[in-house]
Amino acid sequence: MEIIIGKYNYWIYIALMMIGFYAMIAKRNLVKKIVGMNIFQTAIILYFISTAYKKNATIPILIKSQEVIDVTQYVNPLPHVLMLTAIVVMVSTFGVALAVIVMLYKKYKTLEEDEIIEILREKK
Amino acid sequence: MEIITSAKPLFAILVSLIATILIIITGEKARNLREAWTIIASIVKFTIVASMLPDILNGRVIEYTLLAITSELVLQFKVDAIGIFFAFTASFLWIITSLYSIGYMRGLNEHAQTRYFAYFAIAMSATMGVAFSANIFTAFLFYEIITVSTFPLVAHKETPEAIKGARKYLVYLLGTSVAFQLTAIIITYNVAGNLNFLTNGVFHDNISHNLITLTFLLYIAGITKAAIMPLHSWLPAAMVAPTPVSALLHAVAVVKTGVFMIVRVVLYIFGIDILKSLDLGTVLAYIASFTIIAASVIALRQDNLKLRLAYSTVSQLSYVVLGVALLSPSGVMGSIMHIVAHAFGKITLFFTAGAIYVATHKTNISQLDGIGRQMPFTMGAFTVGALSMIGIPPFAGFLSKWYLTFGALESDQLIVLAVLAVSTILNACYFMPIVYAAFFKEPKIDKHNLHETLDKRTLKEAPAIMVIALVLTAIGTILIFFFPSLFLQLAQIVVTNTTGGY
Amino acid sequence: MKVLALIIVILTGSLLIYSSLDMPDWGDPNSPASTHVSPRYIEKTIEETATPNAVTSVLADYRGYDTLGETVVIFTAAVVCILLLRRFEDDKTH
Amino acid sequence: MNLSEHSSILIVVVPLIASFLNVFIGLWRRSLCYPLFLLALVICGFLSIDLIQNIINNGTIRYKLGGWMPPWGIEYVVDHLNAYVILIVSFISLLVAIYSKRSLEKELEESKLPYFYSTYLLLVTGLLGITVTGDIFNLFVFLEIASLAGYALIAIGENRSVLASFNYIIMGTIGACFYLLGVGYIYIITGSLNMLDIAQLLPKLYESKVTLAAFAFLVVGVAIKIALFPLHRWLPDAYTYAPSAVSVLASATMTKVGIYVLIRISFTIFEPNFSKDIIPAGTILVWWSTIAIIFGSILALGQIDFKRTLSYILIAEVGYMVLGVNLGNKEGFIGAVLHILNDALMIACLFMVTGGIYYYLKSRNIEDFVGLNKKMPLSMASFSIVALSMIGIPPTAGFFSKWYLIIGAIKAEQWIAVIALLFSSLVNAIIFFRILEKIYFKKGNSTKDINVKEVPVSMLIPILILATSVILVGLFSGKIISSIIQFTVPGGF
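Protein chains in written order, with our numbering: chain A, 1 to 124; chain B, 1001 to 1502; chain C, 2001 to 2094; chain D, 3001 to 3493.
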């Protein structure tokens, strides 16, 4: 029981991630796929951010007057930084994926993978 | 053993590579010059090889390291008795084949002659490379170069049939060498840590017997150029090649490379002692015996002259394998002598087949009735070659059979003795009818071709240059019988070094 | 296809859950992540970078190179989108 | 200022700046883009030579970015392995750049060229960044730069390339996310992102389940990126329909860098004995890659489009390298690292020749290659040399890596892997000789090839350089091994 409560951040991110992962590989609609991709990446971001958390700690902005710094009072800044980068990476990937989807739509007038494959097969 | 360092073996290889470049540059524009390059290269090559003879006969060894690619994979040449024996035979026959090729190619007005001569020269380079290899890696490298460079020669006619034959040729030779021979070499390196040809083998005593047996079988299966059954069928398929190719490559260079490699592997990689203790020699001897008999029986049923010669080659090659497999001094002696005896005899036979084709466009034995009257020189040479194959004195073939018989007796292999006897009879059965038909049968009246049969009594030989070539090799077959001392001496050195001598 | 996808997802999920059992509890201040490298960022941020906000100091200073990478990613995405989507005036001539 | 001190960072920054400038110069004067693009890659080439000489003479370079001490800051660590891969990447990308000028003429609108060059340079930046960095998160960032550029370059191809690119995006993102998750797992138990620092912290944690999961996610993530069978599905379509120049670059460099990352994960971040003794990952990967070799070869056999054939061969070749790395002995590892170079040269040359054939013939169908040797003798001669190397005939380069791989496999007593390696050699022999036969011995019959002639000089030169280097690298493999590769072998082998 303690395990379940003590680590519930992990259970949530795992559940989210699996939803995204499933959408990426099982859905046949291209937009659903990249929405799944987004969920997947968000889950990873949540995971990273949750590793930064310390109980009863606050954001890592120091007050100048403070002489002795107690590290346990501030959350870990590193995962936040990493995730700022990761979010940007994620957005960029999303953008590129959307650009490709636009190209696909222009070309085939559909976003269903099955239909595109059907069109390609007819061409042959 | 005294070791001399000299780049001569490298020069012997490079000569024909340089010739290749010159041939390609000269091309169709100046055909005489192009052919001159071939002739010059072949003579120079022979001279270089011959110039190494005295040293070898005095028991010295010539070594030359070209390039150490890695510490264990070294391109190294070593000229020893057996190497020079093979190189001498092959380079001498190249001169004659060059002459013959010129006659054949011009006589038939073949296409792509530049390509033909160029690849021929590369193949000869590689053959020298195999002969002079100091280790199995170098030998493997040149072995593959032979395969690849002879592929265009086999496919020369570019007909679907030729391409099919060439494909089979390549699949067999390349496939087995990559799949089996390379594996065997790598296992050898792994367990013995040494790839050099050593007179008593590279394997130590403490290596698992199963592994040695496996490696041995992989080598035998991997050196398909020796055409041991059941991996022989590339050889008949390769008979689609122009006859000079069949003559030099499939009677001398390619197949002899195969048996030469087998001799090398048996004597210098495994060594007599290990094979004796594992009884592997006997296994090989039986495989060879089977090939000898089976190929002879198949040869009996062939009507196409070149095909019959091809199966005869398959059978005769196994004599060499059989000899060395006996692991006795006389056996090895016979085996080595058979390399030269068969080379001269079989090249004569192929030359005559080509001459008949150029002169009359006949390819089948059943068409040859009475041809001896039209082409007396050609068929005379054919008779010499055939008798040598059967092993009748005074022809070279007798010598090797003599030693082989002794070898069989030395190692108490009565079955092998029986095989030799039966195969001699079979040899006679498939060669003598041709000789008989050529000289004593009346030509069949060919109604569609009356004008040709009418002038049956007139001479209608192939171009003079071809006849000269085949007469020369026929004379060579006789000369070897009377003056075998050079070859015997070389073979003697090999036998003394590897088996401890008589 | 869907069944296969489900199996893959379940397998990945179970590996994740299995490995999570060994992870530090949520909010544990003594987890390695909070004790090995990161304390210095908080302790020395003012001294070394004169920035009270530790996230800023890490982002722009300690790991500033990652941030450069981040901008390059955006730049890449921009170039890529132009390359893929922009209609060029001379399209028709081709 | 001594430039050579900074060459490890310059090699990433130079193509980056050039790519930035290219976009803007492209708006102003398009004709300047190509010279700038080429210049950047030439500089990269020189820097990479400088770097490898530096490494050979002085050993590992550790370059602290911003002057921050690792593990707090990011550092670049360049040892023999990096320098070797950097050399390969910059050499190949330079050759492809020369090649791309004429090759793209027929495959891309001219107005897109500045953006193409920019994206190309970003791909190179990403690959070089992955290679030099000593920080696992920084590696992720550069991995994504390279991937995004790669997605786009593939999407501008013909026919089905857009769909292929989309599938690549999905698979590539899964790969990258798995990698990131692996990084997260490493981070949560060690608290560090610096490779060398992690390498010191991890051994105490080998028993942890998190370590196992981290390893699994990192390896699977990279396996997707290098298209290890059966995660290869995105590759054949992507490389077949991409523009010729892109296929060359992607096939010759992206998978190789992926293998490099795999080596870093397995042997720098984790100790060699982790995947050997603690979990049976090495054995699993050996089997996995054996299957990849066999299936890659079989699938290659059945293709009609030659670029697709090459893609499947590439999948088998990836299997070679993964196999060698995981055999767990020196010979196998040397074979794999040597094969990174050999395979880059061979695959690049083959894709280039295919692009050259496509240039005039407008077909990549093997059936249409009939009689090409008369039309383009030099390209076909290069093709033949590389074909021999693919089969593994000495003295071409392919033989030597195969030699070491097979010795390694025998030493590890992986007999199935030995058979797989030989099998793939045989399949290559069948594939290539079938084509050579068409090229050299069949008479041309179609009307299609009337206009076919030898490719333009700027395309021919890279092909010839690669074909020559296949032989030279073969002859000097011993030298390459003794001066570079033997230092890359992880300790404990």
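It is worth saying that the hints were derived from the structure and are not from the lab.
Nothing here was measured: the structure is a model prediction, and the numbers come from that model.
Be a bit skeptical, because a hint or two may be false.
Said to hold, decoys possible - Listed below are the simulated DSS-like cross-link pairs for lysine-lysine, each with C-alpha atoms no more than 30 angstroms apart in a straight line:
| id | chain 1 | residue 1 | chain 2 | residue 2 |
| --- | --- | --- | --- | --- |
| 1 | D | K3362 | D | K3479 |
| 2 | A | K107 | D | K3106 |
| 3 | B | K1164 | D | K3374 |
| 4 | D | K3362 | A | K109 |
| 5 | D | K3374 | C | K2044 |
| 6 | B | K1168 | D | K3442 |
| 7 | D | K3209 | D | K3362 |
| 8 | C | K2002 | A | K109 |
Unchecked claim - Which bits of chain A does chain D cover? Going by a derived footprint, with three or more residues having C-beta under 8 angstroms, they are:
| id | segment |
| --- | --- |
| 9 | 2 to 16 |
| 10 | 49 to 59 |
| 11 | 81 to 94 |
| 12 | 100 to 110 |
Virtual Cβ for every residue (Gly too), placed ideally from N, Cα, C.
Outcome of the hint check:
Restraint check: the Cα-Cα separation between K3362 of chain D and K3479 of chain D comes to about 41 angstroms, which exceeds 30 angstroms; the hinted pair is violated. Proposed proximity of K107 of chain A and K3106 of chain D is supported: the alpha carbons are some 20 angstroms apart, at most 30 angstroms. About 21 angstroms separates the Cα atoms of K1164 of chain B and K3374 of chain D, which keeps this hinted pair within 30 angstroms; it holds. Using a Cα cut-off of 30 angstroms, the hinted pair K3362 of chain D and K109 of chain A holds, with the two alpha carbons roughly 27 angstroms apart.
Only pairs whose Cα atoms come within 30 angstroms are accepted, and K3374 of chain D paired with K2044 of chain C is rejected, the gap being roughly 72 angstroms. Taken as a hint, the K1168 of chain B and K3442 of chain D pair is honoured in the structure, with Cα atoms around 16 angstroms apart against an allowance of 30 angstroms. Pair hint K3209 of chain D plus K3362 of chain D does not hold up; C-alpha atoms about 54 angstroms apart against a cutoff of 30 angstroms. Distance hint between K2002 of chain C and K109 of chain A is fulfilled; the C-alpha atoms sit about 25 angstroms from each other, no more than 30 angstroms.
For the segment 2 to 16 of chain A, the assignment as covered by chain D is violated, since 0 residues bring a beta-carbon within under 8 angstroms of that chain's beta-carbons and 3 are needed. Check on the segment 49 to 59 of chain A: 1 of its residues sit with their Cβ under 8 angstroms from a Cβ of chain D, so the three-residue criterion for coverage is violated. Counting residues of the segment 81 to 94 of chain A whose beta-carbon sits less than 8 angstroms from any beta-carbon of chain D gives 6, enough to reach three: the coverage restraint holds. Counting residues of the segment 100 to 110 of chain A whose CB lies closer than 8 angstroms to any CB of chain D gives 5, which reaches the minimum of 3, so the coverage claim holds.
Checked against the numbered hints above, the structure breaks hints 1, 5, 7, 9 and 10 and satisfies the rest.
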